[in-house]
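So the sequence lines, in the order shown, correspond to chains A, B, C, D and E. The opening residue of the first sequence carries number 1 in my numbering; numbering runs sequentially from there. The opening residue of the second sequence carries number 1 in my numbering; numbering runs sequentially from there. The opening residue of the third sequence carries number 1 in my numbering; numbering runs sequentially from there. The opening residue of the fourth sequence carries number 1 in my numbering; numbering runs sequentially from there. The opening residue of the fifth sequence carries number 1 in my numbering; numbering runs sequentially from there.
Hints listed in this document are in silico derivations from the structure and should not be mistaken for laboratory results. C-beta: ideal position from N, C-alpha, C; glycine also. Any given hint could be a false lead.
Okay, the calculated bits of chain C under chain D, using three or more residues with CB under 8 Å as the criterion [unchecked claim]:
hint, stretch
1, 51-63
2, 86-97
3, 100-106
Have a look at the derived ranges for each label pair, beta carbon to beta carbon [as the list claims (entries may be wrong)]:
hint, chain 1, residue 1, chain 2, residue 2, range
4, D, L292, A, S355, 51 to 57 Å
5, A, G143, D, L147, 33 to 39 Å
6, E, A309, C, D7, 56 to 62 Å
7, D, L78, C, Q9, 51 to 57 Å
According to the in silico footprint, chain D covers these stretches of chain E (three or more CB under 8 Å from chain D) [claimed, not checked]:
hint, stretch
8, 137-144
9, 195-206
10, 283-289
11, 310-316
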Amino acid sequence: KSKNSGGGGTPTLAFMGALTGSNAQLGINIYNGAKLAIDQHNAKSGVTKVTLKKYDTQGDATQASSQAKKVVQDKDVAVIGPAFSGESKTADPILNAAKIPFVSASATAVALAQSGWKYFHRVLANDDVQGPGDADFIAKTLGAKSVYVIDDQSEYGLGLADAVRKQLKTDGATVKNGSIDPKGSDYSTTVNAIKAANPDVVFLGGYYDAAARLVKQMRAATVKATFVSGDGSLDQKIADQGGASANGALLSCTCSSAVGSTNPKVQAFEKAYVAKWGSEPATYSAEGYDVGNILLQAIDNGKKSAQDINTYVASIDYQGVSKPIKFNSTGELSQSLLFMSEVVNDKIKFLGPTSTAKPVPAG
Amino acid sequence: MTESAALLELRTVTQQFGGVTALSEVDLGVPEGAIFALIGPNGAGKTTVFNLITGVYRPTAGSLWFGGAKISGKRPHEVARVGIARTFQNIRLFDNMSALENVMVGADARHDSSVVGAALGLRRHRREERDGRERGMQLLDLVGITRVAEDTAKGLSYGDQRRLEIARALATQPRLLLLDEPAAGMNPAEKEQLGVLIRKIRDIGVTVFLIEHDMGLVMQVSDRVAVLDFGQKIADDTPSAVRTDPRVIEAYLGAPADAT
Amino acid sequence: MLLEIADLQVHYGKIEAIKGLSLQVDEGEIVTLIGSNGAGKTTTLKTISGLRRPTAGSIVFDGQDITKLAGHRRVQLGLCQAPEGRGIFPGMTVLENLEMGAYIRGKPPAADLDRAFSLFPRLAERRRQQGGTLSGGEQQMLAIGRALMAHPKLLLLDEPSMGLAPLIVTQIFAILREINNSGTTILLVEQNASSALQLSDRAYLLETGRVVMSGAAHDLLYEPAVRDAYLGAAPQPEERTDTS
Amino acid sequence: MHAFVTQFWPSTIDGLTIGSIYGLIALGYTLVYGVLRLINFAHSEVFMVGTFASLFTLHGLGITHAETGFALVGVLILMGLAGMAGSGITAVVLERVAYRPLRKRGSSRLAALISAIGASFFLQEVFALRYGRDLLSFPPLMNKTVLFHIGSGQVRADKVLVVVAALVMALALDRFVNGSRLGRGVRATAQDPDTAVLMGVNIDRIVMITFLVGGMMAGVAAMLYGNYFELTQYNVGFLLGIKAFTAAVLGGIGNIRGALLGGLTLGLIENYGGSVFGAQWKDVIAFTVLVLVLMVRPTGLLGEKLTRARA
Amino acid sequence: MRRIGLPDVIGPISDRWSRLPTPARYVVYVIAIVAAFALPADSIGSFMSPQSDWSAILFYPIGVYILLAIGLNVVVGQAGLLDLGYVAFFAIGGYTMGKIGLSLKWDFWVILPCGIAAAAVAGVILGAPTLRLRGDYLAIVTLGFGEIIRITANNLNFTGGPRGLSGIPNPPSVGSFSALQFNVATTKPFYYLVLVMIILAIVLVKRLERSRVGRAWAAIREDEDAAEVMGVPTFRFKLWAFAIGACIGGAAGVLFAAQTISITPEDFPFLLSSYIVVAVVLGGSGNLAGVILGAFLVAWLPERFRGFADYRVLAFGGALVLMMIVRPEGLLPSRRRRAELAEGTGGMGSLGGGVGGAQTQAVRIEAVETDAVQTGAVESEAAP
Ligand SMILES: Nc1ncnc2c1ncn2[C@@H]1O[C@H](COP(=O)(O)OP(=O)(O)OP(=O)(O)O)[C@@H](O)[C@H]1O
Ligand SMILES: Nc1ncnc2c1ncn2[C@@H]1O[C@H](COP(=O)(O)OP(=O)(O)OP(=O)(O)O)[C@@H](O)[C@H]1O
Ligand SMILES: [Mg+2]
Ligand SMILES: [Mg+2]
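Produce the complete structure using the sequences and hints provided.
And the structure:
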């Protein structure tokens, strides 16, 4: 059994998130990014070697709780994750009580930063940044007057959709609400309601498979509205599954894309990632890489105990491949950006920050 | 004919199933303390009478009275609590329970300790439990199968199963016992023993209402016999009178000599 | 020899219900099995028609060893049984039940149906009634009528008189005689032993899974041991007029 | 209530469409339940395999964009045959492996239910491991042409195909079970297997045919589903299966016409209910209506048919 | 397919057990309880769950599944009612704890009876209109009920919607015993708590089983109509079974919520209902020891074999099919249930068509000799 507390031995970092099961893809993306960081680090000479241990939660809150306890038991020095907001709610209190720093690359629920957890950080903005950002983009850049906002009744999807709804009203757009069941097949009730409302934009708070279903059924029912969704839908799969119907879909994320960047540091990351994993970095890979590197930097600076690492991370000012990273007192990024991508010709195209993003006209 | 002492009464009962009239305006009175037999051709409506009494069906018209109270419209377990028990035309025991347990299920109909009482093991419950066991054994003794008390019901021989069914019915402490063709599938020696048992039951004060095709048994035990034909009562008299009634001979017996 | 059973053993779990039973039925005969309850009569019939597997012994029908043959194939060979408990298809009408009797032959000719209806006029009246709602006796009629629809070489009947009114019992035995005269061999199980023995050519007496006596039906009828246990003394109904 | 009125026609059309798919799948539940009194929990996976078979047919034929005319009809037929084959074979194998051994032992239906649940997990996982857990897209095969409008409802070619095909299949099956000799064997086996043997019915064969036919119905449903939604996934059958079983019960289990009626009713209720209370309440509405119907008609809308009568 | 005849080792053991004198049995009980309290030891954990925290696993899923299985066994095993939506009661217990704990700030020990009562009420509300339905109608209706509860929780603001409830208070610690300090960081105390509840549930259920209530349930399972005619108020007893099962499920839910602090509707999926049904049947429906073993296996095996991650469900599914083929009556069936299940008379009837085809005969013959369990054509139910 590994006992990696305090000094001596190789410090162990824990990865917590879904690596198997139906929600595994995002978890794997993050893990791959983090693993790359650690391998690159360990390949250098004269550094403290670090191990990365996997704790597979399957995205399940109750498994996350027992896995978190295992992390505590194993005395790992810091956690990359937990990945999802749901599992964070059961795992985070345990990690926090055990005084183990945990840095999430992907959990966006607003409430997580409001529990007063001293050991919590995340390297991306929460739903309160994404939602209003999306709304502003829809109302201002797209100039939409009426918007149909749909949630998938999941914690993430509803949170995002509600934030969008709220801001859209402030922005003066007419908002109609709907819900879909992400596991269901037939969204016709919702599609019929959209059709009747004839909105300029349809926004979905949800994940890519539901998004693919929804756009397909919308387009089949000759709904012409622009389709916008959040980071949950930002995956090449929305294009693969949605087919032609997905073209023109706008997808936001507080994560930036490493693919096609002109920044040399990002290009280096992309190259290394492709070399190691044989595929382009995907959603949250860059964030995973950054979290790994932040923690490694703490260790390289001689911070070996969980407590010290946490203190170091809290005050870090780091230029990541995804974005500049600096935390405020609640563990949130002190400044954050929202980015937009679009499905163009069956491929995801990164458009840049919402402030400057210009959708490619369909056709 | 209908004495005031009738324990069970059917008052102009009609039972229809869709187009089939199984019983039409039947009056019957089963005198308290007697062995009363109901006979008649196949499909005459005999089993229907039992199903009406036990609350399986509700009469299309007319009413049923037991001990002066109306019972038509009651649910089966309520009828059981009033004091009517039955056996089935084809044996229906709780196959995988022991003989004693089968009887105890019957005895439980007379118990009222609550589920909570049972869960907490209250004294009342324990007393009833003991009482049920004792009474069960007495009844097994009455029908003569104490030796198989611990055997599972389905392992018993047919005759013993019949007896067990009767014991289980008696355990509910009925005032009236309904027997539907108890002698079916028995050989003459067994029928003889059955006759003895039926009389023993009557002698402990239980009124017996019997449906039977075996005229030997009917003639041997009954105090009174009613005959149904096509849902109508065509006779209601002493066994000897019924046996020689020409209408009964024509509809049912075929020839007087067939009364075996 | 139409049916020959040798050293048959049948188990229900650990219980040995048939303990080495042998019997024969010749073409054209009526053979009766009598015996007290639980002697194994029904089990024997079920084993012949393939509803139960024997643990040992052999069954040869019409020159063919059918011990391991599936039940439905035996029907095709000409074995048909009207089972104990009647086995009426409760959700089928009387007519459909009769048609099931001729299942192996496809659609039965109208003449067969007419014969069944003329044997049991009650069935004709009720031809559209659901089998499950017939009275006990009506079901018994239907079961026999249905078995005849298959035109079996060997008809197995398990207590055909059970639950029937005396008048019908007499009719049933007459019908069996008639069926037999028209060429169908019959293996009959009956509690109503005296009527059955009067009807049959030969008989076997079963006790606890074994044949304890066999011979010409006529001889058994007058065998004292049989008389006592299975035929009952001549009926002497006590006439009870007192209403106590 | 306003939404109910404005969306009445679209809801009706879509309700009938999804209801037809429920109905077709429900036929498989109803048949197997009727004969073995077994909830074939793995029937949802029988359907799932059918969708994959249909999908692979399209891949095999190299379809990448919508076809028309005879080509379309030909492809649809091939796709349907593939779906029927995939589902039918799966159902038969399932019966052989997961149910027959239990049946031979005379095991309880509870044991069979667990076996069915196990088989269901197994099949899902096989497909998940082999083809991933993500949605797989069907190439567009049929133009979703709007034929005409009823009120604000669009009557689309692919929807019409679903409803018509479902009706035809259900009618054919009804004829088979109630009109053919084999069908009579099915009913006899359902009501009293022992006596059925005595009548010369080959029970094993009947059971196999029951699974096969039920599977084929699911296969047709799978083809229609693939053409209509253009997506499938290893667990696509799960929710649909529950709905279809609900439909079977609603219509009266063991009752073929009941299955279809139940499916259509359920589809309509869901869509009407969804339009009034919001799509998230669809399932709640569906199950509530089921309970209400069963309280009034304890054996479903059309009553039980195939099943053994109860004492 | 060749039939595998497992030698029946359980039968003789259970026979001997039932013949043991009462004091000897109590000694065994005490040893079992002591062993159960010693279970969370690290040395055991390093084998039992090398990749998770053992005492956490002992609480959930193991302990909670066992408690749920004991409750469901009352419904399925005792009364013979197939409930596919049992998770509903678990959820109701959980939400009662969460809601009252958060809004009224009551203490766990006060909420526990409330949760039990709420679940019991829900059991009666569900049961009253539906228990008159037979067999599988009940199954689909209960399944629907489970879904209704989950979907409703997901859609109402009152229950926190998909976010669920978080920050639910842990039970108050008792004194300063380390075994009774309940907080997010502790694990063993929760295990002891669930263990005590399991023991109480066993005592309760055992008592019922051996009383007129248990007899009535058995009678209902075997022949409901006959039971009714014998004066058993079948409806009332079925409702009791439902309510008692619901109470135990509710208690488990309260406990679960108090431990995990945060609950969402996703904690109560249909899958959980089916796992518990599987646990009950796999272990030996109707026999408490079997049911507990079944629940233990269903909860523990996936944890133990985390390494096989992707193949776990596949293996689980395959194993279920295999188990049911080899041992349809469950791992540790009670004697009576063994007979019922073997014959298919246990409440839910047989799978029908018990008649073997030609190809199976030879195998059946030897099976008869090697197996104590009855194999057989079931008598057809004649309908008078
Ligand atoms: N549910 C029903 N639906 C239609 N007809 C029915 C129903 N139940 C009984 N019948 C008919 O009512 C008549 C009387 O049936 P019942 O069972 O009472 O006869 P029975 O006198 O007991 O005859 P048996 O001596 O043959 O048992 C029969 O003709 C039967 O077919
Ligand atoms: N399903 C069964 N399970 C266990 N034992 C059985 C079963 N069926 C029959 N037996 C036993 O097998 C033996 C023979 O029964 P069988 O039914 O063949 O007798 P029978 O001669 O037909 O009697 P009856 O005159 O009562 O019909 C009996 O001891 C009986 O208890
Ligand atoms: Mg009758
Ligand atoms: Mg017999």
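Problem - Numbers of the earlier hints that this structure fails to satisfy, in rising order - result: 1, 9 and 10
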